[in-house]
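Participant: Here the structure of chain A is known, so what remains is to put chain B in place on it, guided by the hints.
Protein chains: 2
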Amino acid sequence: MNPQPHPGADAGAPPSAAAPAAPAHEPAARASWAARWHGYRRAALGDDLVAALIVTILLVPQSLAYALLAGLPPVVGVMASLLPIVAYAAFGSSTTLAVGPVAVLSMMTAQAIVPAAQANGVGVHLAAMVLAVEIAGVFVLALLLRLDVFAALLSAPVLHGFVTGASLVIAIGQLPSLLGVAARGSTLTELLESLAKVPSVWPHAATAAIGLGALALLWLIRRHGLAALRALGLPARAAQLLARMAPMFVVVLSIAAVTALPQAVQGVALAGRVSLGEGLAFTPLWQAPAGLWLALAGPATLLGLVAYVESLAVAEALGARRGEKVLPRRELMGLAAANAAAGLSGAMPVTGGFARSIVNFDAGARTRVAGVWTALFLGVAILLLGDLLGALPKAVLAATIIVAVLSLVDLEPFAQAWRWSRVEFGLMVLVTALTVLAGVEAALLVGVLASMALLMQRTARPHWAEVGRLPGTEVFRNVRRFQVQTLPQVMAVRIDESLLFTNSRWLAETLESQAAARPGLRHLVLMMSGVNDIDFSGLDSLHQLDRTLGARGIRLHLSEVKGPLRDRLGASGVLSGLSGKVFATQAEAWGALGGMGGGGAASG
Amino acid sequence: MNPQPHPGADAGAPPSAAAPAAPAHEPAARASWAARWHGYRRAALGDDLVAALIVTILLVPQSLAYALLAGLPPVVGVMASLLPIVAYAAFGSSTTLAVGPVAVLSMMTAQAIVPAAQANGVGVHLAAMVLAVEIAGVFVLALLLRLDVFAALLSAPVLHGFVTGASLVIAIGQLPSLLGVAARGSTLTELLESLAKVPSVWPHAATAAIGLGALALLWLIRRHGLAALRALGLPARAAQLLARMAPMFVVVLSIAAVTALPQAVQGVALAGRVSLGEGLAFTPLWQAPAGLWLALAGPATLLGLVAYVESLAVAEALGARRGEKVLPRRELMGLAAANAAAGLSGAMPVTGGFARSIVNFDAGARTRVAGVWTALFLGVAILLLGDLLGALPKAVLAATIIVAVLSLVDLEPFAQAWRWSRVEFGLMVLVTALTVLAGVEAALLVGVLASMALLMQRTARPHWAEVGRLPGTEVFRNVRRFQVQTLPQVMAVRIDESLLFTNSRWLAETLESQAAARPGLRHLVLMMSGVNDIDFSGLDSLHQLDRTLGARGIRLHLSEVKGPLRDRLGASGVLSGLSGKVFATQAEAWGALGGMGGGGAASG
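Chains as they are written, first to last, in my numbering: chain A, 10 to 613; chain B, 10 to 613.
There could be a bad hint or two in this list.
Since copy identity is lost for identical chains, a pair holds within one copy or between any two.
To be verified - No more than 20 Å apart at the CA atoms, straight line, and that leaves these computed lysine to aspartate or glutamate pairs for EDC-like:
(1) Lys571 <-> Asp157
(2) Lys334 <-> Glu518
(3) Lys334 <-> Asp555
(4) Lys571 <-> Glu506
Read the hints as simulated data drawn from the structure, not as lab findings.
The following block holds chain A by itself, in its conformation from the complex:
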């Protein structure tokens, strides 16, 4: 761990205390640890401890709930909130991000591990651990191969549609637990199929009463809690924090109710005793068969992509509020460390979650060390209260999940997309619907492919313009927009885009048509001032264009090829067979092809 007090405006730490490490030879470095601790204690310890305590209170029910959502024993969620936080604190860059199990990732985990574990005859817990380690591997690979650009694959319509759809399907998927019906499924389709098979579709009365009661209470607190607490005279920040900790209040209330009225709650599914000892008695990773690793490699890539994008969005949103810069590659390292720690310590995949991060932020956490305190407090809390939590009804956890995920549903992006682009709105709705009906993987795959198709269609028809010379100058402009001179035997065309496989074949065909329509033409000059790059397909199309023009007695020339590109063309010799020349400037081409240098037979 490397506590770095944040030097922002609201930190108030004396700069000397937070000074960077002394020169890196051993004794001085060792000495600086003491100095750092001293600085940290003075600057941030108090704030961090308070924030950690508050986050811990939120984490207890959330950890249990998300483990159940992932189809795992509740204690796995607690494990996922211990070491991964510490690992992130050591490698990540955000001072407010709180990592741990989050709703969307937990649902994706369930979808990935259940079939993989069945196919390989192992438990889902081991599969979750393998998945977490593989996600860490994906992050390391992305870091080494600089694949972080692929985060862009999740375009805004795909991401909004996915988060909305996932939130809806998670909420819907919790209804059976909330009401005490035995149906299960990770998509609406699966849920309905399962519902058709259960012995009774009627809610279990006591479960439904507890579940709906908890839901109503949580909703009331979320909707009116803040105002009520303010009305009671609490200061704004305290009221906000208390309102955010509502889930714990409902948890305590329901445990009290279950303990007090054992007769009334017969048949209500309970979370069961949460024991750290049981959590630590996991099958070690090396007993996972190779088939399991293989089966989870694909899902790990997808989960890694989603985890990275979601976490980065949270870190950046909170970082901006503090004027603090998030470093994407450091985030990748932090998440890799957190997931590796999760997998090795018997936990499930984790990432930066919005709910816990915002609580951390509002509670005033100042450094990543707050996360370490959180982990400590949570461990102690589970050791002390693990037995008590056994009496917690699963329906209450279902209610906390429903309230948490429905707060992620935001229709504003849909309205904006509708106004901006009907195609992208359609994509957003499609991804939402697919997430609900066909599952996360199908939805993301279709979304990414559709985004790529839109990109291709966008870049497939680049702008080009025939150019002529502004009289008396060496400036060449679009013949349609300026009064320029042209030469009858020469057509000069400015290309405004790189020549790539998406557009070069079309461009060559278009230029050939244009050239074919001019009987007297002898030279076609491509003015390459806007061409940053040519890929092998572009090169191929240039050769093809040269051949087809050659059959008409027209020679193909280039002009104003950008420096780096000209160097590459020269060194590789790939255009040595070109029928025409490569001119440094368009004016030079004009001079050479017009007959007389610069002047010549110019027609308006």
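Facilitator: Chain B alone, transformed into the frame defined by chain A:
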């Protein structure tokens, strides 16, 4: 059919005879048919008939061979060379393209229909027909939805790698037939697995003698035939045509040998009697189960893509030699008609083939009607000679396939790619290897995805430049390349690329970092002169940038937004929440944000 004598330089047709149709009311239109026929008879009939006869001679062995390659009875290849040619003549645009079964498509057909037919409990012949109709459907869909841009998906490295790999694997796959070994497989991997299971890996002596003999003969004729015929005094064109018809010579020779020496060729696999009657006794399409249609929909898309790209390349290459323009959308119509005809008449998928088209071209075919004559001649030839062809050894057909596909292997593109881009060379080699080892679908899928990944990486980091004012002008240029004035509280950045999901998040992060590094900054102006388009992700990033800058007290402005984009932004109101303004020109922004109009506190 609509015969259109080509008005090119070598056609020599009197322009009056080839005049376009009379005004389109009925009697005149009817009268013009007679006039057209008259014109056609005078201008092109003789040439077309000769070309058709020559192509027919080539088609007989080729049709049988490619049907066997597709895992179908030989007569199906003949069926595929009858009606589809006529249908293409009615709808296509090329005057020289000859459609029919081709090598690569036939191999892909085999890979598609064998598993689909097995899974649905039907014969492969029915599956081939369904596949052809679905390919026609893919073309119609591409035509209606203007999906022809997706032909660009097959970038040059992918296409060269695929054609090379397919040619190699087809040649390798013919070796068992050539030598009389019972192994089969559509990839090298499958072939080796199959080889491990056959009772004997030793060649069948008589089969191998015939096969290797035919191979040597074909190779000799291809390599030295032209020179030998010229040495015998034949004129160049006649010698060329005779050399191209070599396969028929070898076919006749081998049939004669088999008929003369029945004892010597015992155990040699023969093609079997080719009967048009049997070809017509196919299961009608409507008996195909829905599962078969579903199973072949994916392969049909892939085959359609390959068929279109291959056919277009052939048509364009030959069209260029005649100075004749190929219309991509007309080609799509022609290929749709040809494949629909193939599916309905009990044949297999077809496309424009290089070998038959070049023979058609060299033989002097002048209009698409030559194809109709070819179909007629081929039908008659099979009716008369179908029994004789029964004595044709399959090893001879294997030899013709091997010689035909190996002529498609061209290592020059590999050398060029190596010199131009190591990454694209690597992609080309990867696709070649995957085609040979893992099959066509895996190879194309990986190739297309890798091309898209390269495209993303290329466009993910667009160029941007901070700009300042050239003193005393209203021109704004890159501060790194020009002596320009800037304002301390204003940063102006020119974006040289559309704001799309591939780049906008990175751009927003980069600009935020830049802005964060300048303490006194109050305004960031994005000069949008190079931004042609903004997608929803780009819009999202602008909002995000505005929010993060806002937290630092910096306002975000836009300037020089292009007309169509400004209109869309205005109409949709999506940027109404922007903290800053949208300035018409950068000079206006300079004036407004610099305090005094145009002048102000300018620092060099």
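Participant: All the hints need checking, so say for each whether the structure fits it.
Facilitator: Results for each hint:
1. Lys571 <-> Asp157: neither (28 Å within a copy, 31 Å between copies)
2. Lys334 <-> Glu518: between (48 Å within a copy, 9 Å between copies)
3. Lys334 <-> Asp555: between (51 Å within a copy, 15 Å between copies)
4. Lys571 <-> Glu506: both (12 Å within a copy, 17 Å between copies)
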